[in-house]
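From first to last, the protein sequence lines are chains E and S. By the count of this note's numbering, the first sequence reaches residue 1290 at its end, each step adding exactly one. By the count of this note's numbering, the second sequence reaches residue 1290 at its end, each step adding exactly one.
I should point out that these hints are in silico values taken from the structure, not numbers from a laboratory. As the structure is a computational prediction, the values presented were derived from the model and not from experiment. Where is the CB? At the ideal position from N, CA and C, for every residue including glycine. Fair warning: there could be bad hints in the mix.
Unchecked claim - DEER-style ranges, computed between Cβ atoms:
| no. | chain 1 | residue 1 | chain 2 | residue 2 | range |
| --- | --- | --- | --- | --- | --- |
| 1 | S | Arg-1037 | E | His-1050 | 24 to 30 angstroms |
| 2 | E | Val-1274 | S | Val-1274 | 44 to 50 angstroms |
| 3 | S | Ala-1092 | E | Asp-1269 | 31 to 37 angstroms |
Claimed, not checked - Rough simulated footprint, nothing fancy, chain E against chain S, three-plus residues with beta-carbon under 8 angstroms:
| no. | stretch |
| --- | --- |
| 4 | 1036-1049 |
| 5 | 1128-1139 |
| 6 | 1196-1206 |
| 7 | 1270-1283 |
What the hints assert, rightly or not - Residues from chain E that keep clear of chain S, each with C-beta distances beyond 10 angstroms, as calculated:
| no. | residue |
| --- | --- |
| 8 | Leu-1040 |
| 9 | Ala-1092 |
| 10 | Val-1096 |
| 11 | Ser-1099 |
| 12 | Glu-1101 |
| 13 | Glu-1104 |
| 14 | Glu-1122 |
| 15 | Arg-1125 |
| 16 | Ser-1186 |
| 17 | Asn-1191 |
| 18 | Ala-1241 |
| 19 | Val-1253 |
| 20 | Asp-1287 |
Okay, here's what each chain looks like letter by letter:
There are 2 protein chains.
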Amino acid sequence: MEPVYDTPRHDALDRLADDTMSPGRVGLQALAGIPDIHPGDDLAAILIECLRRQDMTLRDGDILVIAHKVISKAEGQVVALADVTPSAEAEELARQVNKDPRKVEAILRESTRVVRAVKRPEQEEGTLIAEHRLGFICANAAVDESNVGAEETIILLPQDPDASARALCERLESAFGVNLGIVVTDTFGRPWRMGLVNVAIGLARVPARIDMVGERDAFGRVLSVTMPALADELAAASGLVMGKSDKTPVVLFSGIDWQPCVSSANDLIRPQQEDLFR
Amino acid sequence: MEPVYDTPRHDALDRLADDTMSPGRVGLQALAGIPDIHPGDDLAAILIECLRRQDMTLRDGDILVIAHKVISKAEGQVVALADVTPSAEAEELARQVNKDPRKVEAILRESTRVVRAVKRPEQEEGTLIAEHRLGFICANAAVDESNVGAEETIILLPQDPDASARALCERLESAFGVNLGIVVTDTFGRPWRMGLVNVAIGLARVPARIDMVGERDAFGRVLSVTMPALADELAAASGLVMGKSDKTPVVLFSGIDWQPCVSSANDLIRPQQEDLFR
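Could you build all of it, start to finish, from the sequences and the hints given here?
The structure is reproduced here in structure tokens:
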């Protein structure tokens, strides 16, 4: 159907709202110059120095979105495949989906359950959709080979991404004397939709979701189920400037309308009894 | 595990990258003053006038992200429930999930298939996860009651959201003399994750995904599966300033790194043979 343009133009234009409310304005900026991170690095100190060198001033209410890999590396969540001995279960699964049994073993150790194991004929290597010990359901329990910087090495999620986010937040807040929020991300595929997006896997102060239940829509009707996933909106937006192949794992958001709270990425996990797809 | 901070600080700081590449910078701004849209309205003319009144200059490469509801309303994709006669199938499904049979009928007409029908004990009204005729899998085939402006009325997706996006894009491009992109969005729930995010359901010129296969990661290794869903990143980001209960259905993005192409939101739909969850 083609758009209908048969109403006199002035009718609609006469209804243009006159209110001059200030519309939302948000800025995203990637933090450049972050070096390759090694186990034991003081990531907070590195970020503080990078921000200062680039004259990026942090303001009250700014949010930093950080790809988990730099945190995982700093925390030593890196495993040499040579050090992994696959179990019989890992060997069997590895045969099913044509994966390195040591990688499968690492995935199983990171998981509470394999939701689906699949290898399509055209795939060289299959996928294990797994429930990560932190509760996230994702491909290969978020065990990743990319961007680790050494062959035969895999990188895991941080042990406790919320705690990592809180520790970084406190360091950055005292360095700059402002109130901040932090979102730690990973890159996930999705059922039903092609392409990858960043999602939140760790939070400091930033609410996982904005609960609008009880608020009213533009026509005064009470909203009952609208619950924007603020942390995932921030995570997905960070992908606009993060760039997988660039060394820009940190994005500064300014102008976000939010209220700090005690938060956890766990609040983004749909309880199993509400979930129709696992 | 607490972050490890036992490496001398200067070690890491010495490795701070010296390159002064200009980092990505993206701006989002909601367009204020859009009136309630009625069937037959010339939405392009309204948006052009709103942009001009607010001195929002469009530049080459800017992208407008638009909530589908204003497009659906302008195109008359609004149905009075009083005009819908439920089929026997709709009556039966309506009993199962405690929904208005007329709403279920509208959902069935918009769908090719119901993937799951569910009502949990604590829910007043259940959900039909359905495959929309356009291919998107979502709750209630995207049939929505909220923000329609009249009781007993439902709003459907545009007949052809890509075509709607293209028509708007052409009108705005000739009005402002620049090359633009448009993303039309709806708000979807997700399996496994709580909270709602906006996703792309219609595209003009904006690539659905960025295919990075063959590119190299920061360590020179060839990327094989990284395919950021650019259109969904833009859609999700728009939620940061869109606000469900505000009359801000249009968000202007500037500074996005993209190349115009012939695109369709259909490129975001995972082919059924690749999908593990339907």
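Against the structure, the hints:
1. S:Arg-1037 - E:His-1050: 24 to 30 angstroms: holds (29 angstroms)
2. E:Val-1274 - S:Val-1274: 44 to 50 angstroms: Since the Cβ atoms of E:Val-1274 and S:Val-1274 sit about 47 angstroms apart, the hinted range of 44 to 50 angstroms holds.
3. S:Ala-1092 - E:Asp-1269: 31 to 37 angstroms: The hinted range 31 to 37 angstroms holds for S:Ala-1092 and E:Asp-1269, with Cβ atoms some 35 angstroms apart.
4. 1036-1049: holds (count 14)
5. 1128-1139: Three-residue rule met by the stretch 1128-1139 of chain S, so holds; n is 3.
6. 1196-1206: As far as the stretch 1196-1206 of chain S goes, the hint holds, because 6 residues have Cβ atoms under 8 angstroms from chain E.
7. 1270-1283: Check passed, 4 qualifying residues.
8. Leu-1040: violated (4 angstroms)
9. Ala-1092: holds (16 angstroms)
10. Val-1096: holds (19 angstroms)
11. Ser-1099: holds (23 angstroms)
12. Glu-1101: Since the minimum Cβ distance to chain S is about 20 angstroms, E:Glu-1101 lies beyond 10 angstroms and the statement holds.
13. Glu-1104: Since the minimum Cβ distance to chain S is about 20 angstroms, E:Glu-1104 lies beyond 10 angstroms and the statement holds.
14. Glu-1122: At roughly 14 angstroms from the nearest Cβ of chain S, E:Glu-1122 sits farther out than 10 angstroms, so the non-interface label holds.
15. Arg-1125: holds (12 angstroms)
16. Ser-1186: At roughly 14 angstroms from the nearest Cβ of chain S, E:Ser-1186 sits farther out than 10 angstroms, so the non-interface label holds.
17. Asn-1191: E:Asn-1191 is indeed farther than 10 angstroms from all Cβ atoms of chain S, at 18 angstroms.
18. Ala-1241: violated (3 angstroms)
19. Val-1253: At about 3 angstroms from chain S, E:Val-1253 fails to clear the 10 angstroms cut-off, so the statement is violated.
20. Asp-1287: Contrary to the label, E:Asp-1287 does not stay out of reach of chain S, its closest Cβ about 6 angstroms off (not over 10 angstroms).
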